[in-house]
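**Student:** In order, the protein sequence lines correspond to chains U and L.
Here our numbering is used: the first residue of the first sequence is 12, the next is one more, and so on.
Here our numbering is used: the first residue of the second sequence is 870, the next is one more, and so on.
You can trust all of the hints, since none of them are fake.
Now the in silico label distances, taken between C-beta atoms and shown as ranges:
1. G21(U) / R950(L): 36 to 44 Å
2. Q68(U) / P968(L): 16 to 24 Å
3. Q952(L) / A92(U): 44 to 52 Å
4. Q67(U) / Q953(L): 47 to 55 Å
5. G920(L) / T71(U): 25 to 33 Å
Think of the hints as simulated: they come from the structure by calculation, not from any bench.
Computed from a predicted model, the values in this text were never measured in an experiment.
All residues carry an ideal CB built from backbone N, CA and C; glycine is no exception.
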Amino acid sequence: AQKITQTQPGMFVQEKEAVTLDCTYDTSDPSYGLFWYKQPSSGEMIFLIYQGSYDQQNATEGRYSLNFQKARKSANLVISASQLGDSAMYFCAMNGGSTLGRLYFGRGTQLTVWP
Amino acid sequence: GAGVSQSPSNKVTEKGKDVELRCDPISGHTALYWYRQRLGQGLEFLIYFQGNSAPDKSGLPSDRFSAERTGESVSTLTIQRTQQEDSAVYLCASSRGLPNQPQHFGDGTRLSIL
Chain U
12 AQKITQTQPG MFVQEKEAVT LDCTYDTSDP SYGLFWYKQP SSGEMIFLIY QGSYDQQNAT
72 EGRYSLNFQK ARKSANLVIS ASQLGDSAMY FCAMNGGSTL GRLYFGRGTQ LTVWP
Chain L
870 GAGVSQSPSN KVTEKGKDVE LRCDPISGHT ALYWYRQRLG QGLEFLIYFQ GNSAPDKSGL
930 PSDRFSAERT GESVSTLTIQ RTQQEDSAVY LCASSRGLPN QPQHFGDGTR LSIL
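Pulled out of the complex, with its shape left as it was, chain L reads as follows (with noise of 0.2 Å):
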């Protein structure tokens, strides 16, 4: 596709659930990142992987998170147990995996554990 594209675009579930949130990153980019941003607040790093390297986990918030990725393609974001501090916009962005390239993001999953 032309863009990086998530899904759901909105997940609704009750404290406790888990849940996968998806990205499928550009086509070519090795590099691809998740992040969270809370409602009025900036963006916060949760996880990067490049190419076949382990991945960047130092800003996942606890052992409730976890992702995936398989070679260069899908990656898959887990939240087990959500809590409601979970609430949030998930952003997922992809990028050539050099440090002047810019990340191109996602429109996100927003979402709300009730």
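Chain U on its own, in the form it takes in the complex (with noise of 0.2 Å):
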């Protein structure tokens, strides 16, 4: 089976600055997705960024990015510049192995921004 650890319970990072929320995978199929969602305190999902275990390049989706490192299992999000509004929860989840359509999530970092 597959399993997520997030370990930062809260974050906080200043206006305009860049923020590494971390987040580590356990599993032992080759083929796998990491998916990085946010939710703000009004409890939607926001879908930020996928990384794919056989892809070559971190992935990136405008301030967001995924610094990949699979030797170590780790699939950390970067956010750069951040914003106000990026204040919310961060859940990791990976997909893969015989398990292919559910999302297995982490506990989630709660991400504070101030001014």
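Could you fit the two chains together into a complex? Lean on the hints.
**Tutor:** Structure, rendered in structure tokens:
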């Protein structure tokens, strides 16, 4: 089975600074996908970025980039130039193997951006 | 519609009653998922439908929970004889069914059991 670990319950960053949210995963499957979602206080889950296990380059989407270190089984989310609207809960998730359809989620990291 | 639609947005019911939650996926999405999120927790997988294949029910916590989906359209999640520990936000998601495609979530149903 897949497992996601997010060790930072809360993170603080000043506006316009960059921040890294940690995510490590555990799987014995060679093929898997890694996802990051943002959940503001309003509750909706917003997809941010995806990285496939065979992708050679780190994924980027605007201000979001994924620092994928396969050997270390880590998939950290980097948010550049933080904005006040980035304050939210961030979840790392993965799929793969025989349970391809479902996502396994970490417990999340609460990010607070201060002015 | 443009996104995943869930109803009701809020449901308050008494312990022991049955509840039915509805999810309308994004048009064209073959895969549909139900998750549960307890307060301050991550998402817990419940069930997954992919096209006409048998659903993956491995996440359903007890036989009080069931779900149906007709074709590639609406799904209903039913909880019978509700218990207080069933209180949570129930989130539905849909996707194109490929492993590299993200799941798109609805706004959820907040279920409160008195």
